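Visitor: Protein chains in written order, with the numbering used here: chain A, 1 to 526; chain B, 1 to 322.
Where hints are given, some of them may not hold.
[As the list claims (entries may be wrong)] Partial selection, computed: residues in chain B whose CB lies under 10 Å from chain A: (1) R46; (2) A49; (3) G50; (4) L51; (5) L78; (6) A83; (7) L85; (8) F86; (9) R100; (10) A102; (11) P105; (12) R109; (13) A142; (14) P149; (15) L155; (16) W221.
[As the list claims (entries may be wrong)] Facing chain B, a subset of chain A residues (Cβ under 10 Å, in silico): (17) V50; (18) T51; (19) A427; (20) G431; (21) Q436.
Derived from the structure by calculation, the hints contain no laboratory data.
None of these values were measured; they are calculated from a predicted model.
Heads up, the beta-carbon is just placed ideally off N, CA and C, and yes, glycines get one too.
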Amino acid sequence: MDRHRRTLSRTATAAVPIAFLALFFAWPLVAILRRSLVVDGRLDVPWGVVTSDLTREVLWFTLWQATVSTALTLAAGLPLAWALSRFRFRGRSVVEAFVLVPFVLPTVVVATAFIALLPDGVERSVWAILLAHVFFNVAVVVRVVGAFWAGLDRRLWDAAATLGASGAQRRLRLTLPLLAPALASAASIVFLFCFTSFGVIVILGGPRYATLETEIYNQAARLFDLRTAAVLGLIQLAAVAATVLVSGRLERRLGGARRGGQEAPRPAGRERIVVGAVVLCSVALLALPLLALVVRSLSVGDGYGFDHFTALAHETPALFVAPWHAVLNSLLFATAAAAIALAVGIPAAVAVAGGRRGLDVLLMLPLGASAAMLGFGFLLAFADPPLDLRSSPWIVPLAQSLVALPFVVRALVPALRAVDIRLREAAAVLGATPGQIRREIELPLLARPLAVAGGLAFAVALGEFGATVFVVRADWPTVPVAIFRFLGRPGEDNVGAAMALCVVLMGLVAAVALVSERVLVRGGPR
Amino acid sequence: MRLTLERIGVAIDGRRILDDVSLDVADGERLALLGPSGSGKSTALRVIAGLQAPSAGRVLLEGRDVTRVPAHRRRTGLVFQDAALFPHRDVAGNVGFGPRVAGLPEDERRARVSEALDLVGLAGTERRDVTTLSGGEAQRVALARALAPRPEVLLLDEPLGALDGPLRRRLQTDLRELFDQLELTVVHVTHDVGEAFELGDRVAVLREGRVAQVATPDELWARPADDWVARFLGMTNVVRDGDRATVIRPEAVRVRTGRGGVVTAADRDGAVVRLRVRREDGAELEAVAVGVEVPSVGDSVAVDVDPDGVVDVPLWRGEVSD
């Protein structure tokens with residue numbers, strides 16, 4: 001029967017991503033679970049670790065920094081969301097694109113940029129952590145709240161005004177309640193990112209400030225107390241699951257947003273000054289850390305030069321190899337990771353677009369489980385034969401592809417859904433076989449999203465730090481890992497090398513973005 | 001090519017969309033599928049095209065059972081409501097798609113494309129980007145695309161639905177001339193009575209997934225199957241009488257100067273004027289008058305009813321869902 005065959009082929013499509021997730025996501029988590037709950041083959045609930053002072057302090061700081069970071073990010077992002085979504089002005093699209101830049105930057109680069117920016121003494125502190133989180137996540141607020149805000153019908157405000165509501169009343173009684181679902185959604189996303197933030201805290205927090213995420217790394221990689229690490233991981237998983245549940249519920253409420261569809265007006269009168277000030281300040285604040293990074297990478301002694309960059313060619317005691325090897329390693333690993341992510345992500349996206357909701361949730365899990373958890377799980381799960389991957393170079397791209405997978409699926413599913421089913425039907429009626437439909441209709445229409453997804457996966461893998469730092473071999477460092485090692489050593493040369501590597505990494509990410517956007521897309525069929 | 005639907009039933013997610021639909025379209029005949037939205041007419045078209053598998057019944061082409069033949073091997077042409085042109089191909093790429101996947105050589109393909117574009121009055125537009133076409137042009141390209149593989153049966157799903165006003169009327173006339181020229185078997189879905197009457201040799205009225213009546217436009221107008229069909233065709237003089245209804249066709253109501261009724265509305269629709277007359281007994285009747293010497297609102301008139309225009313029909317016992 002035709003229907004049976006279709007069900008069968010759909011199951012086969014879903015089978016690849018499900019098997020991949022089972023082996024490389026579920027199995028490592030099981031390994032963490034086993035390590036924390038089972039001792040000598042017997043169940044042993046680790047109350048000692050759960051109730052220890054260390055756990056309490058770490059959990060408290062994790063929650064505290066995530067909450068404060070979220071509040072600050074909302075405060076910083078709302079004015080910009082307002083200016084970008086409610087008004088039309090020259091250069092708006094450029095500003096919109098620029099706001100997204102921090103979000104796609106590797107966390108290690110963001111953390112290093114704040115070391116470059118902040119004066120000595122403050123550079124590794126709570127303030128540095130909070131500022132870096134705001135810098136990183138403003139894009140989320142601008143995108144989520146801004147898109148929602150732009151879609152709200154302007155006539156509501158006009159109606160409120162004609163009904164006698166003052167400006168302040170309109171903001172309090174109209175804007176705020178209308179935006180509430182978008183605000184809640186953005187807040188929960190930012191909270192989740194800050195809660196699971198690894199690179200920023202491990203670099204800027206130093207030994208004094210630890211979150212669940214960084215303490216897992218500390219216990220596992222520095223103190224070799226795998227059990228404590230595993231228990232902390234369990235707590236982390238539970239907390240993340242709770243946050244995801246809440247945010248999922250909030251996000252569903254966004255569905256009913258009504259589209260106004262009117263074009264935004266140009267700011268007039270006093271608005272011009274306010275909008276201008278908001279946009280200029282925001283852009284300046286976002287540009288400052290990156291500028292500081294570039295300046296620091298070029299400053300040598302009292303002057304400027306490329307010494308830090310040329311030094312990348314020489315071996316240093318901080319790494320086992322010359323730093324430029326790290327660039328090569330990163331490119332190789334990221335290429336393999338992007339290939340794996342696409343190979344798994346394309347069938348996954350096809351299955352999700354075909355209505356496999358459960359798979360969709362499953363695929364987003366690696367995003368929530370946090371990178372360091374994945375890395376740690378890999379470490380525990382693939383240490384013994386037959387799956388001893390510890391010395392295999394493949395362990396790095398496998399871990400990175402898992403982190404990139406949700407992005408690939410997210411980029412492809414809407415595009416797959418957007419391919420009008422009637423185009424396929426029209427082609428079928430015109431005599432095209434299913435294979436011809438795939439080749440002649442779907443592939444050309446999906447060229448652009450595929451290029452974007454591949455570029456995204458590559459960029460994510462390039463900047464991946466949390467998982468990579470657990471599984472990478474010391475003599476095969478990636479760029480983010482090399483930056484981390486340089487920053488962990490004293491001396492101006494090491495800091496300079498870290499800055500220079502950050503600039504290189506930034507350049508690579510920017511190049512990937514440009515290539516996937518321009519060459520692949522413009523060159524291919526429209 | 002003769003097309004037969006044999007007791008077709010379609011259920012989607014447990015909901016009955018089509019129920020026991022049988023239709024017979026002769027070679028070269030044009031059948032209009034007329035019905036309100038939700039009556040299942042588009043689904044019937046998808047069943048014919050092979051895009052929807054029926055849960056019961058058979059589809060026959062020239063007596064051959066094609067129920068299990070997939071869409072791409074049915075040799076039917078389908079024109080979608082809003083064109084559904086391939087956005088990544090130009091006009092020639094769209095029109096030439098069918099010949100291309102059929103493996104025709106380049107020069108023949110090009111001949112087919114220009115022939116089809118010629119037919120729809122868009123000769124020379126091969127290199128146009130389809131996203132720059134107007135609504136009417138897009139619909140013509142969609143028609144050319146459906147014609148280029150030389151289908152045996154042409155299916156049109158509300159081809160004029162997205163258009164309005166004079167453009168719609170012009171394309172309607174063009175379509176009729178084209179059908180005359182091609183001698184194709186045509187099934188044409190519409191919710192517009194005028195369009196169905198102009199483009200269909202016969203009209204099948206669909207209601208809640210079932211065929212309410214199949215007849216030529218004249219027969220349909222003369223003898224609607226029941227009160228629902230009469231109302232759906234636009235007749236308003238339908239009076240319920242027990243389990244029957246009396247339908248008086250508007251053109252059978254004659255109005256002349258005199259006494260007995262008052263004109264309450266007079267709306268000109270081209271050559272005819274639609275009148276509403278309230279008789280002294282309180283009943284309202286619709287009448288039509290032709291020419292320019294017609295009564296206007298408030299005039300006192302005498303009303304005669306031609307007995308030939310009075311039809312006694314059964315009541316439909318379903319729910320009216322339009």
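Visitor: Compare the structure with each hint and give your call.
Guide: Hint by hint, here is what the structure shows:
Annotation: interface hint on R46/B holds; nearest CB of chain A at approximately 8 Å, less than 10 Å. With its C-beta approaching chain A no nearer than about 5 Å, A49/B sits inside the 10 Å limit, and its interface hint holds. For G50/B, the shortest C-beta to C-beta distance to chain A is roughly 8 Å, which falls under 10 Å, so the interface hint holds. The beta carbon of L51/B is positioned within 10 Å of a beta carbon in chain A (closest approach about 5 Å), and the interface hint is therefore held.
Proximity of L78/B to chain A holds as hinted, the smallest CB-CB distance being about 4 Å (cut-off 10 Å). Annotation: interface hint on A83/B holds; nearest CB of chain A at approximately 9 Å, less than 10 Å. The criterion of a C-beta within 10 Å of any C-beta in chain A is met by L85/B, whose closest approach is roughly 8 Å, and the hint holds. Annotation: interface hint on F86/B holds; nearest CB of chain A at approximately 6 Å, less than 10 Å.
Taking 10 Å as the C-beta contact cut-off toward chain A, the hint placing R100/B at the interface holds, the least distance being around 8 Å. Below 10 Å, beta-carbon pairs count as interface contacts, and A102/B has one with chain A at about 5 Å; its hint therefore holds. Checking P105/B against chain A by beta carbon gives a least distance of about 16 Å; that is not within 10 Å, so the hint is violated. Checking R109/B against chain A: minimum C-beta separation of about 13 Å lies over 10 Å; hint violated.
For A142/B, the interface hint holds, the least distance from its beta-carbon to any beta-carbon of chain A being 8 Å, beneath 10 Å. Satisfaction of the interface hint for P149/B is found here, the shortest Cβ-Cβ separation to chain A being roughly 6 Å, below the 10 Å cut-off. Here the hint on L155/B is kept, as its CB sits about 8 Å from the closest CB of chain A, short of 10 Å. Residue-level restraint check for W221/B is violated (minimum Cβ-Cβ distance to chain A is 33 Å; threshold 10 Å).
For V50/A, the interface hint is violated, the least distance from its beta-carbon to any beta-carbon of chain B being 48 Å, above 10 Å. Checking T51/A against chain B: minimum C-beta separation of about 52 Å lies over 10 Å; hint violated. Annotation: A427/A was flagged as interfacial toward chain B, and the flag holds, the nearest CB pair being 7 Å apart, inside 10 Å. Proximity of G431/A to chain B holds as hinted, the smallest CB-CB distance being about 5 Å (cut-off 10 Å).
For Q436/A, the interface hint holds, the least distance from its beta-carbon to any beta-carbon of chain B being 5 Å, beneath 10 Å.
When the structure is compared with the earlier hints, violations turn up for hints 11, 12, 16, 17 and 18 and for no others.
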